[in-house]
Amino acid sequence: MVKSVSVLDVAREAGVAAGSVSRALNGSKHVSPALRARVTEAARRLGYQPNAQARGLRLGRSNIIGMLVNDMRHPMYASIIAGVEHELSLQGRMLLLADAHGEAAREQAIFDTFQRCALDGAIIGASYHPDVMQAAHYAGNRLPLVLIDRDVEGMDRVCLERRNALRVATRHLLNLGHRRIALITPALDRVPGGERIAGYDDAYRQAGLPAERRYIPRMNSPLQDGGEAMGTLLDLAEPPTALVCLGTRLLSGALRTVRKRGMQVPRDLSVVSIGSTDMMEFANPPLTCLRVDLMSTGRAAARLMLRRLQDPVGFVAERIELESELVVGESCGPPPA
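Just so you know, we're using full-length UniProt numbering here: the sequence shown kicks off at 1 and counts up by one.
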């Protein structure tokens with residue numbers, strides 16, 4: 001077994017006391033540039049790596065950030081997680097990941113565990129359960145928290161702009177001649193769904209047309225399969241000719257139903273995905289989508305957390321809003337004759 005290099009080894013190599021090594025490597029102002037360079041060079045020669053866990057315990061920190069998500073298997077969430085992990089790793093911190101699978105009780109249990117564990121902070125990724133958001137609001141004073149895609153006043157959060165994004169997507173389809181446009185999105189009675197409906201309505205109103213609310217089915221979770229809702233829409237006397245859908249299982253289920261009906265995109269149904277992943281570029285046909293840089297979303301959340309940890313006393317809640325871009329693929333065309 002290879003013996004790890006200790007502070008004492010570095011001290012002997014540099015010819016200084018162990019305390020001088022610690023002060024030099026920890027950035028103390030009470031160390032001369034010459035001594036710092038001498039210690040740093042000795043550490044480099046020996047291949048010394050500081051024990052981040054031990055240092056964290058001495059300073060009352062674990063260097064571990066928890067993250068609660070609802071479906072880590074989905075590429076959209078995977079990109080956000082990757083962004084968080086990348087940013088934290090640059091600062092020598094680790095990510096503890098927990099997946100609630102869209103279950104309210106499990107989500108609450110994970111959040112409660114985060115509060116009991118010796119975590120430095122936690123990032124809450126897109127909870128759809130009001131009780132968890134309320135608990136997060138009250139816990140924010142005890143455990144540093146950052147929310148992703150949930151706009152809670154007084155808390156650090158990274159929000160995705162939705163209203164204008166849906167206005168742009170719906171207008172794109174209206175300009176192609178569509179009038180019967182379906183919208184499949186969860187949580188219609190909460191902020192995410194409400195903002196998307198508002199953008200949908202805006203586009204119709206600006207076009208001088210009545211919004212088609214009968215084409216907006218009620219969905220409770222982004223983890224639902226959208227196949228049944230799509231089937232109900234296609235069974236209407238006047239089925240939709242276009243679809244705007246959250247790019248999770250809702251979209252994959254909806255497209256599966258479309259294929260089972262013998263329909264083709266965009267010949268029989270134009271499709272816009274809310275959100276994008278690299279996989280969508282390889283869809284057949286490539287999907288038109290509202291794209292947000294998901295890696296940047298994760299990085300922004302991690303940076304908020306790091307700033308909060310660096311200055312817990314002078315902390316003022318920050319809100320970062322990221323906009324979507326309509327990326328035109330090959331999944332939209334004029335309505336069928």
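These are calculated hints, taken from the structure and not from any lab test. Check before you lean on any hint, since a few could be wrong.
[To be verified] SDA-like, lysine to any residue: derived pairs with alpha carbons at most 20 angstroms apart:
#, residue 1, residue 2
1, K29, L46
2, K260, D293
3, K29, G19
4, K29, R45
5, K29, T40
6, K260, Q224
7, K29, G47
8, K260, A237
Hint numbers the structure violates, sorted upward? Hints 1, 2, 4, 7 contradicted; others consistent.
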